[in-house]
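Using the sequences and the accompanying hints, generate a full structural model.
As they're listed, the protein sequences go chains V and G. Going by my numbering, the first sequence opens with residue 1, and the numbers climb by one from there. Going by my numbering, the second sequence opens with residue 1, and the numbers climb by one from there.
A couple of the hints might just be wrong.
As the list claims (entries may be wrong) - Calculated pairs, SDA-like style, for lysine to any residue (alpha carbon to alpha carbon, straight line, at most 20 Å): (1) V:Lys-109 with G:Ala-49; (2) G:Lys-109 with V:Lys-82; (3) G:Lys-109 with V:Lys-46; (4) V:Lys-46 with G:Leu-106; (5) G:Lys-36 with V:Leu-104; (6) V:Lys-109 with G:Lys-34; (7) V:Lys-34 with G:Leu-108; (8) G:Lys-86 with G:Lys-96; (9) V:Lys-82 with V:Tyr-27; (10) V:Lys-9 with G:Lys-86.
Calculated from the structure, these hints are not laboratory results. Quick caveat, the model's predicted, so the values are computed rather than measured.
There are 2 protein chains.
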Amino acid sequence: MAINNELFKGTLQTIILNLLSENERMYGYEITQKVKFITQGELLLKEGALYPALHKLEADGLLETSTEVVDNRVRKYYSLSKDGEKKVVSKLQEAKDFITQLQLLLNLKPNI
Amino acid sequence: MAINNELFKGTLQTIILNLLSENERMYGYEITQKVKFITQGELLLKEGALYPALHKLEADGLLETSTEVVDNRVRKYYSLSKDGEKKVVSKLQEAKDFITQLQLLLNLKPNI
DNA sequence: TTTATATACATAGATAGATTATGTATATAA
DNA sequence: TTATATACATAATCTATCTATGTATATAAA
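See below:
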């Protein structure tokens, strides 16, 4: 059962940046499949969300691109820029804090 | 210091329902203060977000209201309806799944 | 042979949950 | 008298995401 995508609002940039921090370079379609695989189909990353997000991250100077033709189809590869490498660190910390606060608010914090 | 409120999009209803599931009845201002206290000021719940959310939950039949005058000021108390009590269970499970998926996607080990 | 599915990119328009700003009103501390 | 806290509410705006649509190639199924 796919969970409410609405909840992932605001986390997409962090997810993209994190995937690129551990994969060197990825193209859009690959990212959608990777997310689908990791979440076992629970989160389906839509093109209408992904591509505008990638374009924005590139416009902000966090991603760099290069295109390749594979099997007569164009692939646009994305990789982290220097700024992107810095950004992913702060974005991950922000996500950690968010999860902690949400667990506090919902009494989901596991007892230690 | 305060973390990006953007991340909490979609979680507000769950937060409200959960607070009411453990407090019997609460009024709006009380909810904002409770959230502020629990998160130690990290999450500031704005009136522009809270009141429309409360009205929507009431319109959806998940909350019931009663007003009281305290110190010459009107308080509108909210409490869970029967439907609300059911809803909070599924909403909490949804939030748990969301956190799990997000931790998977960001390589954040759940703290045990 | 036609159709459906997978791969691969992109964007326009609509949606919805938030933010910002503003409004009313009372009580109390500076 | 001024600022802050309490207590409600809504209008206008923002923006990230979704839905829908478009182009194009390769391949498997009907």
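Tell me, which hint numbers fail for this structure?
1, 2, 3 and 10
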